[in-house]
Amino acid sequence: MLGINKMAGENRTQESAEPLAPVNVPGPETINENYETVGSPLVDNPLVKCRNVNVHYGEKQAIFNVNIDIAKNEVIAMIGPSGCGKSTFLRCINRMNDTIDICRVKGDIELEGQDIYNRSVDAVELRARVGIVFQKPNPFPKSIYENVAYGPRIHGLVNRKSDLDDIVENSLKRAGLWDEVKDDLDSSGTGLSGGQQQRLCIARTIAVSPDIILMDEPCSALDPIATARIEQLIADLSKNYTIAIVTHSMQQAARVSSRTAYFHLGKLIEVGETEVIFTRPLHSLTEAYITGRFG
Amino acid sequence: MSNLIREMVRSNLKKRYQAEQRFRLYGLASVGFGLLCLALLFADIIYKGAGAFRQTVVEVELYFDPEVLGLNIPVETDQIRSANFDGVIRLMLRERFPEVTTRADRRALYGLLSVNAVYDLQALVMANPKLIGQSRKIWLLADDDVDMYYKYGREGEQVGRLAEISRIWVEQLADDGVVKTQFNTGFFTNGDSRDPEISGVKGAVMGSFFTLIVTFIISFPIGVAAAIYMEEFAPKNKLTDFIEVNINNLAAVPSIIFGLLGLAVFINFFGVPRSVPLVGGLVLSLMTLPTVIISSRASITAVPPSIREAALGIGASKVQVVLHHVLPLAIPGMLTGAIIGMARALGETAPLLMIGMIAFIIDPPSSVLDPATTLPVQIYLWADSPERAFTERTSAAIMVLLAFLIVMNSLAVWLRRRLETRW
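The listed protein sequences derive, respectively, from chains A and W. Mapping of the first sequence onto this note's numbering: position 123 corresponds to residue 123, and the numbering continues sequentially without gaps. Convert by adding 1000 to the 1-based position in the second sequence; the result is the number in this note's numbering.
Just chain A, with the same shape it has in the complex (with noise of 0.2 Å):
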C-alpha cells in the first residue's frame, strides 16, 4: 500500500512541477469510434490474443474496439471508472457473457491460437481452461470438499476417490485454505468467513488447473486483512498460472499485477508496465485516473 502512495505522491510532484508532456499525448477529445490503444498492448507468444473485440448488450454497445494480449505466466490488471467494461471484457475471455441473451461479442479471441468463439469450440471446455473467480464469493451450499471437487469431477478428471482427495488437498493447499479447513471438510463452504470463502472458490477454480484465473474484482466484498491474503495469494499463483484481475483498487493493482490495462468508456485507453503506468502514464485519462480525479 505504501509503494503505490509513494508513486502516487511522486506522481503529484512531477505534475506540479513540471507537467508530464511525452510526444503524442492524445487528449480526451481523440476518444472517438477509431480510438486506439496507447502503451504497448501487445506482446510476442500472447497466451490470449484478442483483436477488434466489440461487445454490445441489445443496442449498446459495452466495449469498442479493444485489442490486447496476455502473455503467459503474467498477472494483468484491467482498471477504470465504473462501467467502463472490464468486467465485460473479462467475461468474454470464458464466454460467460453467452449467458446473458442480449450480449453479443464480435471480433477475434484466441487462446494459444485458438478462435475461442469458433464454432468448434466447447464454452464448456473453454471454461475448463479458463477459471474465473467472482466478485462476491459465491461456493456452492455444500461441503468445502464437495466445492473443490466439484469441477474434476464434472471434467472426469480423476477416476479413483484418493486421486480427487489429493487434487481437493493440492488444491486448498495452493489456495492457502488447507491448514484452516483441513479438519471440517464437510462442513458448508457457506460457513467459511468471506476472505475464506473467496479462497475456497480460488481452490475451486484451479482444482481444474486452468491456463487462465480470471479475477473479477475479487477482493472488493473483503475486509483489508482477507483482500492482503488474496492479494499474497495472487502473487503465489502467479508462478504457475496466469492471473487476470479487475479490480477498482488501485493500489490493488499496483500491487500484483505485472501490466495494468485501462479503461474508459468501453475503450481501452492504454497498456503498459504496471510501474510505468502508475508512474508515466502516455495519456492524459490515464493519469486523470490514477491520481484520483475521477473514478
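To be clear, the hints were calculated from the coordinates, so they are not data collected in a lab. Watch out, some of these pointers could steer you wrong.
Examples of chain A residues toward chain W, derived with CB under 10 Å [to be verified]:
#	residue
1	Asp98
2	Gly113
3	Tyr117
4	Arg119
5	Ala123
6	Leu126
7	Arg129
8	Ala207
9	Asp211
Calculated lysine-lysine pairs in the DSS-like style (CA-CA distance at most 25 Å, straight line) [what the hints assert, rightly or not]:
#	chain 1	residue 1	chain 2	residue 2
10	W	Lys1236	A	Lys60
11	A	Lys142	A	Lys182
12	W	Lys1202	W	Lys1048
13	A	Lys142	W	Lys1318
14	A	Lys161	A	Lys173
15	A	Lys49	A	Lys106
16	W	Lys1318	W	Lys1238
17	A	Lys106	A	Lys173
18	A	Lys142	A	Lys106
19	W	Lys1318	A	Lys136
20	A	Lys106	W	Lys1236
21	A	Lys60	W	Lys1238
22	A	Lys106	W	Lys1202
23	W	Lys1180	W	Lys1048
24	A	Lys136	A	Lys161
25	A	Lys72	A	Lys49
26	A	Lys106	A	Lys161
27	A	Lys72	A	Lys142
We treat Cβ as the ideally placed atom computed from N, Cα and C, and that holds for glycine.
Starting from the structure of chain A, add chain W where the hints point.
Just chain W now, with coordinates in the frame of chain A:
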C-alpha cells in the same frame, strides 16, 4: 439543531406514533376477525359432527336356534351364508316385548336394530360355527333413528322420526341397561351406505388418496420439467411470453371446465373408465399443473444467480448447473407449491361431478381403477341426504377432510424444513 426544529420534530413524533399504533390495531383487528371466523367454523362443525364418532349399540341375548336359522347339524359353511339370522333377531325381539302383537308395531319393533346387524351375526357365526345351538350376549348396532333418539332426543331435543311407540321401547331397553354408545369405528372402516348407521368415510378417504397420488405423480414431474425449461432453457421471445401468459390464465380457469375437458378427452376420447381415481387424478392434475409450474418457477428464480455463475464458471454444462445446483436449492419450494396445489385439488368437487365420481359407491377402492368417490364429493352427497344421521356425518366427514388437509400441509412444512439448504 435549533429548539424550534426540535419542537417541531417532537410534536410530529407524537402523530407518527399514533399513526403507527392505529396501523397496528387495524392489523390486529383483521387477524382477530380471521381467527374468530375460523373458530366459529370449527366450533359449528365440531358441535354438529362430534356425535358421529359415537354410535348407539344394544345388547341382546341371542339363541342361535338351528331350527330358526334353517340349518342342519353338522353345519356347512355355505349354509351359514343363507341362514335366517333375521329370524333369530326377530324372535328375540318378540320374546323381549311380548305385548307387541300388531303387524305394524312388529315392523316398528324389528326396526329398532340396524338391518345390517344380520351381517355382523353372519360373520360371527362363520368365524365360530360352534355358536349354533348356543346362547350368546351380543352388542348389536341400533338403527340410525334409534341412535339419533338415544344420543339427542332423550334430552328433549326434537330429532328424527322415531315413532312414539319405539321411543318407549328404547327407554325400556335403556332402563335395562342394555343400550350404550360406543366409539364409531365403522365410520372409519366402512364405505358409503344408504343406512347411515353403517356408512363410513373409508371409501372417500381411499378415493381421495388414490386420486391425489395420481395427481401428484402426473402434475409434479410435468410441472417441474415445464418450469425448468421455461426458466432455464427457453429463449425469451414472443412465443414463450404467450405460453407464460396462458399458464397464468390456466390457473384461473374455473375447475368445472377441467371436469368437462376430462369428460370429453379422457373418458369419451381415450376411453378411461368413468368414476375411477385415475380419471379424477388426470383431471385434477390438469387443474394443479399451472399452480405447480408457477410455484416451481418462483422457486427457481429464487436461486441466487451467483450459484449458477459459479457452476458455469467452472465448466458445468447447462443441464449440470440445473441438476446439481439449481434443482436441489429449488426443490423444497417446488414441493411446497405442489402440496398447496394438491390441497386445493383435495377440496375440489365440481370437476369430479363431471366425470362420474359422484356415483354411489359402497366398496372402498383398492386401486386407481376401482370406482370411487372423494371426500368433498362424499360430503356433498351426505349433505344432500334427508336423514338426520347423515347431517351429523356430513360434519364428521368435513372434520376428516380438514384433518387430511392439516396432515398434507404439515407434510409440506416438514419436507421444506428437511430439504432446505441454508447458505
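Do the hints match the structure? See the list:
{"no.": "1", "hint": "Asp98", "in the structure": "holds, 9 Å"}
{"no.": "2", "hint": "Gly113", "in the structure": "violated, 21 Å"}
{"no.": "3", "hint": "Tyr117", "in the structure": "violated, 17 Å"}
{"no.": "4", "hint": "Arg119", "in the structure": "violated, 17 Å"}
{"no.": "5", "hint": "Ala123", "in the structure": "holds, 9 Å"}
{"no.": "6", "hint": "Leu126", "in the structure": "holds, 8 Å"}
{"no.": "7", "hint": "Arg129", "in the structure": "holds, 8 Å"}
{"no.": "8", "hint": "Ala207", "in the structure": "holds, 8 Å"}
{"no.": "9", "hint": "Asp211", "in the structure": "violated, 12 Å"}
{"no.": "10", "hint": "W:Lys1236 to A:Lys60", "in the structure": "holds, 19 Å"}
{"no.": "11", "hint": "A:Lys142 to A:Lys182", "in the structure": "holds, 16 Å"}
{"no.": "12", "hint": "W:Lys1202 to W:Lys1048", "in the structure": "holds, 20 Å"}
{"no.": "13", "hint": "A:Lys142 to W:Lys1318", "in the structure": "holds, 19 Å"}
{"no.": "14", "hint": "A:Lys161 to A:Lys173", "in the structure": "holds, 18 Å"}
{"no.": "15", "hint": "A:Lys49 to A:Lys106", "in the structure": "holds, 14 Å"}
{"no.": "16", "hint": "W:Lys1318 to W:Lys1238", "in the structure": "holds, 23 Å"}
{"no.": "17", "hint": "A:Lys106 to A:Lys173", "in the structure": "violated, 39 Å"}
{"no.": "18", "hint": "A:Lys142 to A:Lys106", "in the structure": "violated, 37 Å"}
{"no.": "19", "hint": "W:Lys1318 to A:Lys136", "in the structure": "holds, 21 Å"}
{"no.": "20", "hint": "A:Lys106 to W:Lys1236", "in the structure": "holds, 22 Å"}
{"no.": "21", "hint": "A:Lys60 to W:Lys1238", "in the structure": "holds, 22 Å"}
{"no.": "22", "hint": "A:Lys106 to W:Lys1202", "in the structure": "violated, 68 Å"}
{"no.": "23", "hint": "W:Lys1180 to W:Lys1048", "in the structure": "holds, 20 Å"}
{"no.": "24", "hint": "A:Lys136 to A:Lys161", "in the structure": "violated, 30 Å"}
{"no.": "25", "hint": "A:Lys72 to A:Lys49", "in the structure": "holds, 11 Å"}
{"no.": "26", "hint": "A:Lys106 to A:Lys161", "in the structure": "violated, 42 Å"}
{"no.": "27", "hint": "A:Lys72 to A:Lys142", "in the structure": "violated, 33 Å"}
Violated hints for the displayed structure, listed by number in ascending order: 2, 3, 4, 9, 17, 18, 22, 24, 26, 27.
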